[in-house]
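Using the sequences plus the hints, can you model the full thing?
Protein chains in written order, with our numbering: chain A, 1 to 182; chain B, 1 to 496.
Hint data in this document are derived by calculation from the structure and do not stem from the laboratory. C-beta atoms are modelled at their ideal positions from N, C-alpha and C, and glycine is treated no differently. Please note that a few of the clues may not be correct.
Ranges of calculated distance between the beta carbons of each label pair, as one might list FRET restraints [unchecked claim]:
no.	chain 1	residue 1	chain 2	residue 2	range
1	B	A185	A	E117	25 to 31 Å
2	B	Q161	A	E88	36 to 42 Å
3	A	K114	B	S263	52 to 58 Å
4	A	E88	B	N187	35 to 41 Å
5	B	S263	A	E101	38 to 44 Å
6	A	I8	B	T430	43 to 49 Å
7	A	E88	B	S93	54 to 60 Å
8	B	D86	A	K114	30 to 36 Å
9	B	N395	A	T93	26 to 32 Å
Below, each chain spelled out in residue letters.
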Amino acid sequence: MKKYVFAIVLIMIMLISTSIAFADTDPNVIVVNPDQYGTIYSDSLLVSVKILEPKTIKVAFYEEKQIKNGVAVAINVNNINEQLDLAELKDLTSEPVYDKETFVSTNKLSFYTKRVEGITPGLYRLRVDTVDSGGKILFTSNTHLIVKDKSLEPAAEESLFKAPQLTTMQILQNFFKNIFGN
Amino acid sequence: MTRPIQIERVKTIFIVVLFLMTILLLYFSWKDSFLVGIKIPIDFLSQEETIPLPFSEDLIKPNEIMVNFGSDAHTIVARKDYKYWDAFVLSVSEFLNRENLTITEITKNQFDEATGYRSIFAKFDYDLPFKDTLAQLDIQANANNIPIEMFTGIAYSTAIQDSIIIYDGKNQKYYRLVSDYDLTALNTIIDDIENNSFDPYFPMRVFLGLDNSTLMPISVKTEMKEIAYGKEINYYETEKIVKLAQTFFGEGFDFVRKITESSGTTIYMYGYGQKILILNKDGAIEYKEELGEASYSALSYFDSLNLAVNFIGTHGSWESLNGTKLTPYLKDAEPIIIDNKSGYRFIFGVIINDHPLYLDGGKQTLSVEVIGNRIANYKRQMLDISQNTLDSLTNEPLRQTMDPINILTDNHMEMKTVLNAAGIIIPGTTETDFFENTSVLIDEIKMGYVKTDEMDGIQTGKVYPAWIFRVGDIYMYFDIFSGKLLSNPNQGPGGV
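Here you go:
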C-alpha cells in the first residue's frame, strides 16, 4: 500500500512539475530547434525559434550544473537517457552560455536563429521569454538539451548495408536483364 | 593558217586552262574542312604567343562539396579550399586500385543514412561517363565488372569506413565500392575542414521544422560588393570585330558577307548560311555552323570537351577580349542530337573571387555544342571587368550578409508569385501556408554574383552580390545585404 501511495505521489509530482514548466508558453513562439530533451553529439548547436506575430522575445541559453560539495559541476549525461532521470535532478544551478538576447520581430512571421559554439557535454536549457513593451515577461518556455561527446554517437546499424530483400518480380526482372540486357 | 595566228590560239587556250585551274583551286581550298574548330586564327594572336587553355582536370571540379560534421552541422567547401578535393581524389584513386575491389548497388535510403553521419559528398551538376573519367584521371579500377555507367557524385561516410559511394544521377543509382585500402585519410580531411574556419550550414528542416534537407547557411560575412563591368566587344569597335570574325572564317573571310541590322547587330555570313557569326549589340556573340553532309564520326565525351576547350581558346580566348582573367569551370554538360548526329553541349561558367557569376534570363557566359568533330554552335558573353577591381576584392573588408532565413520570410510571397508564373502553384490559404509550401520546394541556396540587364528600368552596368535560391530550373536572385529581389527570374541553367 505504501508503495502504491509513493508511486502515485511521485507521478503527481512529475506531472505537476512538467505542467508548471509548460503552462505559460506562448503559442505564437515555437522553438523549432533543439527538440525538448533531444540529444546531440556535437560542440555546436543551431537555435531556431519561429515567431508568428510581431513581438519581442528574450532568449537565453544555460548549462545546468549540479552543486556538489559547494561546487557547480557539469552533469554526467553519458549514462542518462531518460527524461525522468533529468527531471529528478536536484541542486541545480544555471550558468549562462549566453544570457537574455533580445530579438524584436516586426513581421507576422520571422525566425530567431543563433549558432552556439564551444558547448561541452552536459545538460543545457534554452529559455525563451515573450515580453511586452515594458519588459514584463508574459510567457516563458524552457527546452532541455542533452549534449554528449562526438565519440559516443551511435555507430551505423549493422543492417545499414545488408542487401535489401528482393521481391519475386525484382528477382525475375534481374534474371531477364542479365540475359537480355536493359 | 599563218604562224602568228597559231601562236595566238595557243596563248588563248593556255589562258583558258589557267583560268579553269584557278577556279578549281579556289573550290578545293574553300571546301568544308574538318579542322574549323582548331584552326589557328590569322593575325588575331601574335605568332609568338601560346594560346592559354585550361586543363580538363581544372575545369571538371565538383559544383558542390558538402561536409557533414554530425548532429546536422554542415559546411559547403569554398572553391579556394578545393585542395581538399585533390586530396580526396588521391585517396580514392589508391582505393580503386586495390585488387579486391567490389561494387554493389545500394538504395537511396542507404545512401541518405550513410551520409547522415560524418561524411563528405562531392556532387557535380552534370553526369560524367564513369569509366572514361577514370581513364582521363589515369585511375585504374580493379574490378571484374564495373556496372556504373555515369558518375555524378562521390561520397565517403565515417559510418562505413571501408567504402566509397558513387552516385549515378542519370540512372538514379547508388553504388557502394569496398576495398581493403585504409581510408582514414578522409577522416582527417573532415577533421581538418572542421578545425579551420568554415561557414556553417544546416538543413532547412532544422531552421524551419519543415521537410526539406537543403542546406541553408546562417548569415555569413563576405568581401563581395557591386562590381562595374563592360562589354568585351562593342558594335563600333570595327577592327576588333574584324579580327574576331577572321578567327571563325579564316582565309575565306574576304568572301564573307557582312550585314548590319538597324538594332546594331552585326552578322557575318559565309555562303548561304553554312557559317554565321552574330555580334549582338549587348556584346553577346553567337556562331553557328551547318553540319552539312560532311562525314561524321562520333567523339568521346572527353575528346568532345577538349575540342570545345580548344575552340574557345582560339575563338575569343578564355579571357575577355580585353584581357580580364576570370577562372572558368565546367558548369553543365549534356548529350545532344542534331540532324541525327550525336554530340555534347558544354556550358562553362566563371568565378569572380571564389563566387560563381550568374547571368539572368538563362544566359550563359560560354556554351559550345560539339557534334562529332565539328562545332555546331558557340555562344559567348564574357564580361569585361577591370583587373584592378578583381585584384582588390581580396582586400575588401568583410560585411555581414542578410540571413537567408530572413530573405525567405521577407520574400516568400514574391517567390510564390515567381513560381506561380512559372507554372508551379503554391497551395494554401494563409501566409504561413504559402511560406511553408514555398520553403519545402527550395532545392539550393548559394552565394554568387548576378548580372542583371536592368534594375527598376535602368541599365546598371554592374554585377551584384546575391543570395541565389533555386527551385528546379528557376533561379531567384536577392541582394545579399538588403534582401531585395534583384531581377526577374529565369528558367534554364543559371550561372555562366
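- Message: For each hint given before, does the structure comply? Return the numbers of the non-compliant ones in rising order.
- Response: 5 and 9
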